[in-house]
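If you read the sequences in order, they're chains A and B.
Position one of the first sequence corresponds to residue 22 (my numbering), numbered consecutively onward.
Position one of the second sequence corresponds to residue 225 (my numbering), numbered consecutively onward.
Careful, some of the hints might be misleading.
Below, simulated DSSO-like cross-link-like pairs (lysine-lysine); rule was C-alpha separation at most 30 Å, straight line [what the hints assert, rightly or not]:
(1) A:K395 with A:K432
(2) B:K618 with B:K527
(3) A:K355 with B:K489
(4) B:K440 with A:K362
(5) A:K362 with B:K489
Ranges between beta-carbon positions, derived for each pair [as the list claims (entries may be wrong)]:
(6) B:P504 with A:R36: 31 to 41 Å
(7) A:T401 with B:P251: 38 to 48 Å
(8) A:P121 with B:E626: 50 to 60 Å
(9) B:D477 with A:Q367: 36 to 46 Å
(10) B:E464 with A:V363: 40 to 50 Å
(11) A:P107 with B:R343: 54 to 64 Å
Listing some non-contacts, in silico: residues in chain B with all C-beta distances to chain A over 10 Å [as the list claims (entries may be wrong)]:
(12) E296
(13) S365
(14) F577
(15) A685
In short, the hints are calculated from the structure, not lab data.
Glycine included, every Cβ here is placed at the ideal spot set by N, Cα and C.
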Amino acid sequence: MLTDLTLTEARDRLRAGAITALDLTRACLDHIRAVDPQVRAFLLVTEEQALEAAEAADRRLAQGDDAPLLGIPLAIKDVLTTAGIPTTAGSRILEGFVPPYTATALERLFAAGAIMLGKTNTDEFAMGSSTENSGYVVTRNPWDLERVPGGSSGGSAAAVAARMAPGALGTDTGGSVRQPAALCGVSAIKPSYGRVSRYGLIAFASSLDQIGAFGRTLADCAALLGVMAGHDPKDSTSVPDEPPDYTQALTGDVHGLRVGVPREFFIDGIEPDVERAVRAAIEQFAALGADVREISLPHTRYGIHVYYLIAPAEASANLARFDGVRYGPRAQVKGMWPAYKVTRGQGFGPEVKRRIMLGTYALSAGYYDAYYLKAQKVRTLIRQDFEQAFREVDVILTPATPGTAFRIGEKIDDPLQMYLADIFTLTPSLAGVPAACVPCGFDAHGLPVGLQIIGPAFDEATVLRAGDAYQRVTDWHTRKPQIAESS
Amino acid sequence: MTVYEGVIGLEVHAELMTASKMFCGCPVVDSTSAEPNTAVCPVCLGMPGVLPVLNRRAVELGLRVGLALNCEIPPFNQFARKSYFYPDLPKGYQISQYAYPLAINGWLEIDLPDGSVRRVRIRRVHLEEDTGKLTHADGYSLVDLNRAGVPLLEIVTEADLRSAEEAEAYARKLRAILQYLGVNSGDMSKGVLRIEPNISVRPVGSDELRTRTEVKNLNSIRSLARATAYEIERQIAIYESGGEVQQATLGWDEARQVTAVQRVKESADDYRYFPEPDLPVLEISREWVEQVRAGLPELPDAKRERFMRELGLSRYDASLLVADRAVADYYEAALAAGGDPKQVANYLTGEIFRQMNLEGRDRDDIGAIRLTPQALAALVRLVQDGVIHHGVAKKLLVRLYEEGGDPVALVEAEGLAQVSDEGAIGAVIEQVLVDHPDEVTRYLAGEEKLLQFLMGAAMRALRGQGDPAVVRRLLAERLAARRAE
Ligand SMILES: [Zn+2]
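Okay, chain B solo, but in the shape it has when bound (with noise of 0.2 Å):
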């Protein structure tokens, strides 16, 4: 039987965070819940006679993707028209990069389920505007162009990725860098960061580049995995069966988990390019680069690197910690209020990540979250110092994720502060044993599992809250006690 892999390449669309429009002064809003056609002017109107004037911060945006990608920064860059219809399109051509883009020929390190290391190249990545959106009603399509013109970013791979797993591993990675880089959200369920893969399969061994598909539609990175899983499995069925795969262009059907053919590419699309008449060369000077890359802020790997070295965590732990910026931005919250480094790793990438797992809450939104940084610091606190043991702490976290709440007062109100005076649990071990002759007896002759029996009676008893150490200690001493009598 043939093995197959696959040969996927990502192209990624992100809408860069600036202020206004890529080529006028229109606010940039968000697309999803703006009041339709509020956020436009004749520019982006594609009214006649209007220019475009370029926002250099759009630039400066890209500049930091591209050097964070590791790119080489041409020193030119022209615009380019690509010319389509579409009403969503309103001059009928979209501004964007051609020839000579904004950075070429870079890459990107994923870390893979094997714990290997693969690099990534990126063959490009350039500035273009987006369009608007079409709402298609019953009989007829509304246009909205409250995001016509907004800057976006497309970063193009090789197709150096095999597998679902490795689609997942670089998208996550990509957007939780342009997370750090504060140029986008990464939120793909409002399309302002667009994922998109194209794949053929071809038999392990092999060099050869089989018909692709391309996939559109993926509103999440779990989306992107299973759809790309989905469609490697479709073409190396339709191959074993003997049949060819069709090139085509394919929407993830995100209800039923398949891909459907959206359309099917008899010939390459012609788009016409040609430079940009209305927007003179524009030059990127090695001040202007060295400018931005020296105000570029640490990246994950190089924070998975520091926590490493300086925190003393695992790699699995640090990788943890920094994939996603939200997640490394609560961490070092959560040190800053006091937290000890692995402790809070430890319930960060335990407790709470089930606990958002449970909830189907991406990390991404673990700001959102009810239970603060400064909580979980010190939540980590009181354990260190012996107020409450672990497993009070455990359920304190829970609570504390569902409701919010400063767990020291929490502690204190409740009276969940563990017990360890000698006295008081002696006391209620005598108790136990006084009130279960039978497994005492039975103990003393030989039972020996009866000791967990009796100690979990006596936690019980302690309501959680006795040090188990010196529960077992004096428990041990008091049936000690008892067989020597």
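With the rest of the complex left out, here is chain A (with noise of 0.2 Å):
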């Protein structure tokens, strides 16, 4: 099945001409029909002009032009904005905006020869951990629909997993890629922050927020990030530097790579089902050659507070425009406060809500410096463990969650358990350090358990080397769920 290909063999297929885009691409679609009704992966679907793009892939093709990506379908977050086509960020507050710009990673990779299939579900503004917060439908995990697929990339992450596409796109928060990825045992890297443009990212955290790559394989997730990344004079936070190429980083060799273990990510609340997966995936990479060892993340378990409170301040200040005044629907009341009131009452869920919240009191006066100030301080810790850590090794395993995906329902009610589901995730976010997620296993239920490799700032090579090295003796990726055969 054309559905079943990653992304690097489709690409090798189309270039060989042994496959069209546009075959492809009806592929997807069809699958879509079929298995997207029980999944709810997308929220808009861009058929038409999926089929114009695959046409016109199909050309160059024909011309012998070589770009990157031409011919290869992708599921888009509904956070990225795209020209023409209604952007929402999963929130009923953007119900029926279409922005007039496309985001730069997006236009990078549609000039690229890229697919746009459509827009993925997330959670609203890209906040939580299972998609239940989008304003429009849950998300089913396609290993088990009772399950969440993770968040916010839900979407998309189940997009990949159920073969709908062979790549997607995310954003990465605090693990917003990286936890999906892990809960629907798909690949995925959240690049180091300011390798990717956020512009045309609705935005939740500024200084956190990250456009992540899901595929098949972590080779996968390389050619889509090699096309996104380096700099972009619209986004001043894009780093300067020149990126290296991925796919050329994939070596298959692993040998004599210092792989650290930090010690306080084995703690009391991990499922012994991911424990053992992890360790064993770590076992993997001592067998390959690399030099394991165990080391120290000693502000870890600050990451939670910290991550809690400088989210939640810039999304305070980031959701302060949807006010119905430019764009989006406006409460039809009488009066300016009593506009801005109803349309924002009505238009942000309650996660938003309580989230706003947070962060306009962290920020208030009187609060600002217990709050606000001492958790950019100890994110400096928490980017000096970091630091201190790649002095002695390339990259950093840990579990990418704590557990395998939940139930539906389970953790809505109970923000703090919702929030834990991200404790692995966080502190790589606000140390701004590139970190990719790899299947190693399954859990006695069936379910994906995910591997995370973090790396130094900018070096997703040697991430994405390591993750390529592991997939290339393990078949945990290859695994699809029973839901993938039924087109």
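Starting from the two chains in their separate frames, assemble the complex, guided by the hints.
Here is the structure:
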């Protein structure tokens, strides 16, 4: 089946003329039609545009164009703006909003020949770990439809896991790419902060947000990252350095690679099946010749506190623009302040409101020093933990999540439990370092387990090399959920 | 009776004359005349997912002001978000500067009416983006975001000013500096320059700081002076009657010449400032600072000193000439056209300013009068060369002010050149003496004051063009001759 091809396999066959972009795109769209009514990964399928783009890609292929992603269909998280195509960020407050501009990362992918299949579901404004906070629909985990796919990029992770797309884009603020990748059994990378332009990424927490890539293999993610990475004059926080060729970095060799295992990540509360699978993966690295050693990231336990002050603080300002004055639905009530209150009161869901209030509080006069400023200081300590560790090791391996996919509704009324689902992915985000997630086993319920691979700032190449080497000798990433067979 | 003094600080917002906005590529347009919402883009409209990119030209113009105001320029700048909701603020926050402004600890010296000089301390100068504008109509409001994102410089003094006159002197001087620097037109009526005093009063000799009020809506420096004077008197009256001044934002009602409460402040506003994560810390290198410093134009104080030193002008005249950049430019253009420095200064600060006052025209606007600096220079030369005398020149100047034109051509066409031919003047005087036999007799009989009458009659007969010195001498000679008869 064409939908079983990985992104890299599909690209090779497209170039060889063995398949056409139109066939591949049609296969994806057919599969979406068959599977997505159950999974609900997509908020919008852009079939017509996808088919047109596929025909254009075939014409370019016929002319020998070797653009790196020519003819590759992708699923796009709906927090990335797409000119002329509705973009909602999973929120009712942006219902019907059609941006006049496309995110820089997407522009680069499209220029490289990628084809958008549609916009995928997300927790509202990327705030959540299950997609249950979407203002529109709850996405289901392809491995067990009663369970969550993780979040906030749950739609994109589920789309790749269920073989609806060979690759997808997500965004990651505190784990929103890595955590759903772990729960859905797919590969993903969150690059270093500043590696990929945030222009067109509807901001949640500006100092943390990064666009990341999903694929069935980390090599696929490397191909996507290579196209997206690099300075963008429209994003002053994107770094000026030229990114390396990530695909070339995939040598398959981890011999002598210094691998750190932080003791603070193997804590009470981690599910035994998860710990077992992750420990086995670490042993696999040792077997490949890596030099595995225990390390310490002493401020890890403060990550959740720091994150839930800084991210909501930034969000409280970022979301102030959604007032119904210039775009989006506006409450039809009399008076300026009532219009603000009702528009925002109706447009935002409960988790978004909770975070706006948390952040507003943390920034208020009299509380700023105790909360926001202190959190920034501890963030510096967390960053220094990583800098210190990366003097001794090349990559750090941890579980991506403390547990596997949980049941829909299980944590939705307990925000703290929900926040703990991201506990292992928060600190790399706070430190701004790159981190990948690769499947490394299954629990007793047959649910995937993810391994997190963290690297030094701007050294995505080493992270990708390590994960790719692991995937060359394991087959967890090739397993597919039952539902993927249904078309 | 208690004698009070004002305690006044000024907060000035000056739009910077950049080609494009602070954080996007939109052009800066005249927001009083441009079609609403035509100079906007996703960035300045605050659409989702867009990011600000700093306009370095705005930083450079801000640096000019910081340096001209004798400020320290810290090596690092940080932008901050100032959060509040209002429909003219697209993002729900304004990108401003808070803990790390562009320039700090400066000063500006102003001349006081008693001839002394006061140094006004500048607390800070920082960059921010302007908001849009609301137009309130019947039951609804219209939002125009052309102005949203225009670079704005905020210049804040310490509360060093003590009277409305001092506030006015500071405002005039600062406005002149902004104009000299080419960063702002100084046009308060269009809102590109906004000056807001905060005012309290206290008994002279005390150093207490009492409750203060802020005054907004001032569309000229004249209204700043009037509103400040009014507010000082209002507060004194409150204290004198045993009351308390309430902390409030007041609006100046230009029509009624009173302040009125816009908003009472019960607690301090909480803008929840925090560092703007979308913009990296801005480093200001010493090289950049020195480069900007080297490129600063001659500022009013330096120009005044030069006018005094090189042109021999009085301090008073020189101060008047440098107070507005437009006036200084006009003056220097007249000198360049060959006008005598002192004479040009006299006409400019005398008759021309008088005409402008009569017309209600701001000195700022001197560039628009019909009398060109070249014409003024030519007029001064005509007097110096003895072609016309001062009285004619003054009349001519009024005419040139009203109608424009070339004075040399005008003098020729209308035969206004001074008559100094003694034969011609002598003949006219002879006729005057013949025409006024009675007055001549009485003069000769000792009524000395009739000389002035005869002089006037002679001048009139010469249609004002006679050289007065010659007329006076010849008249005296003729009368002496008659006495001798
Ligand atoms: Zn703009």
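* Structure versus earlier hints - violations, ascending order -> Hint 13 contradicted; others consistent.
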